[in-house]
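*Asks:* Work out the full structure, taking the sequences as your base and the hints as a guide.
Chains A and B, in that order, are what the protein sequence lines are. Under the numbering used here, read the first sequence as residues 78 to 354, first letter to last. Under the numbering used here, read the second sequence as residues 9 to 169, first letter to last.
Among the clues, some could well be false.
Simulated restraints, written as ranges between beta carbons of each label pair [what the hints assert, rightly or not]: (1) B/R48 x A/G268: 57 to 67 angstroms; (2) A/A136 x B/R48: 36 to 46 angstroms; (3) B/V30 x A/D280: 46 to 56 angstroms; (4) A/A225 x B/V115: 25 to 35 angstroms; (5) A/A307 x B/R81: 48 to 58 angstroms; (6) A/G325 x B/P61: 31 to 41 angstroms; (7) A/T334 x B/R157: 35 to 45 angstroms; (8) B/R81 x A/E109: 23 to 33 angstroms.
When the alpha-carbon atoms are kept at most 20 angstroms apart in a straight line, the in silico SDA-like pairs for lysine to any residue are as follows [as the list claims (entries may be wrong)]: (9) B/K167 x A/L247; (10) A/K137 x B/S147; (11) A/K137 x B/V142; (12) B/K167 x A/D243; (13) A/K137 x B/S143; (14) B/K167 x A/V145; (15) B/K104 x B/V142; (16) B/K167 x B/L137; (17) B/K167 x A/D144.
Simulated from the structure, these hints should not be mistaken for laboratory data. Just so it is clear, CB atoms sit at the ideal spot from N, CA and C, and this is done for glycine as well.
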Amino acid sequence: MSAHTTEADPHGDVTVDALELSAELVGSGRAESADVAEYALGLGDDALILAQQLGGWIAKAPELEEDVALGNIALDLLGHARSLLRYAGSHDGRSEDDLAYFRDEHEFRSQWLFEQPNGDFAHTIARQLIAATYLFELYARLSASSDATLAAIAAKSVKEVEYHRDHAVLWTLRLAGGTEESRRRMIVALGDMWPYVDELFRDTGLIERLEGVAVRPSTLREPFDEVIRAVLSEEGLEVPTVQPSAGGGRDDAHFPTLGYLLAEMQVLARQHPGATW
Amino acid sequence: MVTTRSRAWAVAATVHDPEVPVLTIEDLGILRDVRELEDRVEIVITPTYSGCPAMDTIRQDLELAFTEAGYDRVVVETVLSPAWTTDWMTDEGKRKLEAYGIAPPRVSSERRGPIPVALGVRCPRCGSLDTREVSRFGSTSCKALFECRACLEPFDHFKVH
Numbered sequence: 078m079s080a081h082t083t084e085a086d087p088h089g090d091v092t093v094d095a096l097e098l099s100a101e102l103v104g105s106g107r108a109e110s111a112d113v114a115e116y117a118l119g120l121g122d123d124a125l126i127l128a129q130q131l132g133g134w135i136a137k138a139p140e141l142e143e144d145v146a147l148g149n150i151a152l153d154l155l156g157h158a159r160s161l162l163r164y165a166g167s168h169d170g171r172s173e174d175d176l177a178y179f180r181d182e183h184e185f186r187s188q189w190l191f192e193q194p195n196g197d198f199a200h201t202i203a204r205q206l207i208a209a210t211y212l213f214e215l216y217a218r219l220s221a222s223s224d225a226t227l228a229a230i231a232a233k234s235v236k237e238v239e240y241h242r243d244h245a246v247l248w249t250l251r252l253a254g255g256t257e258e259s260r261r262r263m264i265v266a267l268g269d270m271w272p273y274v275d276e277l278f279r280d281t282g283l284i285e286r287l288e289g290v291a292v293r294p295s296t297l298r299e300p301f302d303e304v305i306r307a308v309l310s311e312e313g314l315e316v317p318t319v320q321p322s323a324g325g326g327r328d329d330a331h332f333p334t335l336g337y338l339l340a341e342m343q344v345l346a347r348q349h350p351g352a353t354w
Numbered sequence: 009m010v011t012t013r014s015r016a017w018a019v020a021a022t023v024h025d026p027e028v029p030v031l032t033i034e035d036l037g038i039l040r041d042v043r044e045l046e047d048r049v050e051i052v053i054t055p056t057y058s059g060c061p062a063m064d065t066i067r068q069d070l071e072l073a074f075t076e077a078g079y080d081r082v083v084v085e086t087v088l089s090p091a092w093t094t095d096w097m098t099d100e101g102k103r104k105l106e107a108y109g110i111a112p113p114r115v116s117s118e119r120r121g122p123i124p125v126a127l128g129v130r131c132p133r134c135g136s137l138d139t140r141e142v143s144r145f146g147s148t149s150c151k152a153l154f155e156c157r158a159c160l161e162p163f164d165h166f167k168v169h
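*Replies:* Printed below as a string of C-alpha cells:
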C-alpha cells in the first residue's frame with residue numbers, strides 16, 4: 078500500500094542509480110540475426126494489424142465508452158507494434174514506417190486471427206478474447222527471453238494486454254449472459270473465430286532456431302485453453318469444436334481481408350512519401 | 009557528484025505531464041535517471057503506456073527546460089525496462105491528483121486472475137466509496153471513467169497499472 082512508502086525516497090522500490098543505460102533497452106539495440114528480426118516482425122505485424130482493425134470501431138462502436146475503450150486498446154497495440162517493428166527493421170536498416178507502409182501483402186507476417194474482419198461487436202469481442210489471452214501468455218513468457226530488447230518490450234506489453242483481456246472477458250460474459258440475442262451472437266462469433274485459434278500455437282522452423290530467444294507457441298496452448306474454459310464456463314458456454322483453418326500468415330499466405338486493410342492503411346503514406354503533420 | 013546530479017534532477021523535475029498537467033514527470037514516476045556528464049546531460053524516461061502520445065511532448069519539454077537552464081547538449085533516452093507501474097507514483101503526486109479531481113491509484117499493482125474483480129474507488133469530490141465504474145477506459149490510456157452515486161458527479165480514476 079502507498080501509505081507504507083517512505084517520504085524520503087520518492088521512487089519507492091526503484092533505485093535509479095542501479096539503472097544501466099543499456100543499448101538494448103533504450104531502443105538503439107540492433108537485432109542480432111535475421112531470424113530474430115523475422116520473429117520480431119511477425120509479432121509486430123500481429124499487433125499492427127489488430128490495432129488498425131480496432132481503429133475501425135472509432136465513432137461506430139455500440140456506445141461512446143466502447144469507442145474510447147477500443148481506441149485505447151488500439152493505441153497500446155500500436156505502441157507494441159512500433160517497438161517490435163523498429164527492432165525488426167534495425168537488422169537491415171529499415172524504419173518502423175518502412176515496414177508498416179511500404180511492404181506489400183505477401184511481405185506481412187500476421188496470423189489469420191488478427192486479419193479477421195471486425196464483424197459485429199460480438200465478433201470483435203471474440204477476436205479480442207482470443208488475441209488478448211494468447212498475447213498475455215506469450216508476452217508473460219517472452220519477458221524472460223535471452224534477447225534483452227524482446228524481453229523489455231514483452232515485459233511492458235504484458236501489463237497492457239492483461240487489461241485488454243479483462244475488457245474482452247467482461248464483454249464476453251455480459252453478451253453471453255445478456256439477452257437471448259446477445260448470447261446467440263456471442264456463440265456465433267466464437268464459432269466463427271475459432272478456426273483461427275490453432276495457427277497461434279503452431280511451432281515453425283524459425284522457432285526451432287531461436288531456442289531461448291523466442292517462445293515456443295505450442296507451450297502456450299494449455300494455459301490459453303485453461304483461461305478460455307474458465308471464462309466460457311462462467312456463463313455455461315462451450316469451447317467451439319470446429320475444423321482449424323490452414324493459416325500460413327507467418328509465411329506469406331494471408332486471409333483475403335488483409336489486402337483491403339493494407340490499401341486503406343498505406344494509401345496516404347504512399348501517395349505522400351515522407352509527409353509529416 | 010551528488011550536488012550536480014541533484015541540480016540536473018531538479019531541472020528535469022520541473023517538466024509536467026501534458027495530459028495530467030498537475031503532475032510533474034517525477035510525481036508520475038516516469039523520470040528514471042538524470043546524468044550530468046562532461047559534454048552533455050542525459051535524461052532517462054519511461055513511457056506510462058506503450059502508445060502514450062505524451063512522450064514526444066515530454067521529450068521536447070525536457071530539451072527546452074535544460075536549454076533554458078544553460079545546458080548545451082541534452083540527450084533524452086526512453087527505456088522500456090523495468091516497465092512503469094503506478095506504484096512509482098509519489099505520495100505527493102497522489103495527493104495532487106486527488107486535489108485536482110482525479111481519484112489516484114491506491115492499491116499496488118499485482119497479478120490478478122483472468123476474471124476481473126472490481127475494487128472500491130473513493131470519489132475525489134465528496135469522498136464517498138459508493139462509486140461505479142462507467143468504463144474501464146477513459147480520456148487517456150492511464151485513466152478509467154467513474155461515477156459517484158453519492159454526489160452524482162462523474163470523475164476520472166488513474167488506474168492501477
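*Asks:* Each hint: holds or not?
*Replies:* Hint check results:
At roughly 59 angstroms, the beta carbons of B/R48 and A/G268 sit within the given window of 57 to 67 angstroms. Judged by the Cβ atoms, the range 36 to 46 angstroms given for A/A136 and B/R48 holds: they are separated by roughly 45 angstroms. The hinted window of 46 to 56 angstroms between B/V30 and A/D280 holds, with their beta carbons roughly 50 angstroms apart. For the pair A/A225 and B/V115, the beta carbons lie near 30 angstroms from each other, so the given range of 25 to 35 angstroms is met.
A C-beta distance of roughly 54 angstroms is found between A/A307 and B/R81, which places it inside the suggested range of 48 to 58 angstroms. As the Cβ distance of A/G325 to B/P61 is approximately 35 angstroms, the hint placing it in 31 to 41 angstroms holds. At roughly 44 angstroms, the beta-carbon separation of A/T334 and B/R157 lies within the given 35 to 45 angstroms, and the hint holds. For B/R81 and A/E109, the hinted distance range of 23 to 33 angstroms is satisfied, since their beta carbons lie about 30 angstroms from each other.
Restraint check for B/K167 and A/L247: satisfied, since their Cα atoms lie roughly 17 angstroms apart, inside the 20 angstroms limit. With a CA separation close to 17 angstroms, the supplied pair A/K137 and B/S147 stays within the 20 angstroms bound. Only pairs whose Cα atoms come within 20 angstroms are accepted, and A/K137 paired with B/V142 is accepted, the gap being roughly 19 angstroms. Between B/K167 and A/D243 the alpha-carbon distance is near 13 angstroms, which keeps this suggested pair within the 20 angstroms criterion.
Between the alpha carbons of A/K137 and B/S143 the distance comes to roughly 17 angstroms, so the proposed pair stays at or under 20 angstroms and holds. Distance check on the hinted pair: B/K167 and A/V145 sit about 15 angstroms apart at the alpha-carbon level, within 20 angstroms; holds. Between the alpha carbons of B/K104 and B/V142 the distance comes to roughly 23 angstroms, so the proposed pair goes past 20 angstroms and is violated. Only pairs whose Cα atoms come within 20 angstroms are accepted, and B/K167 paired with B/L137 is accepted, the gap being roughly 16 angstroms.
Between B/K167 and A/D144 the CA atoms are separated by roughly 19 angstroms; this keeps the pair inside 20 angstroms, and the hint holds.
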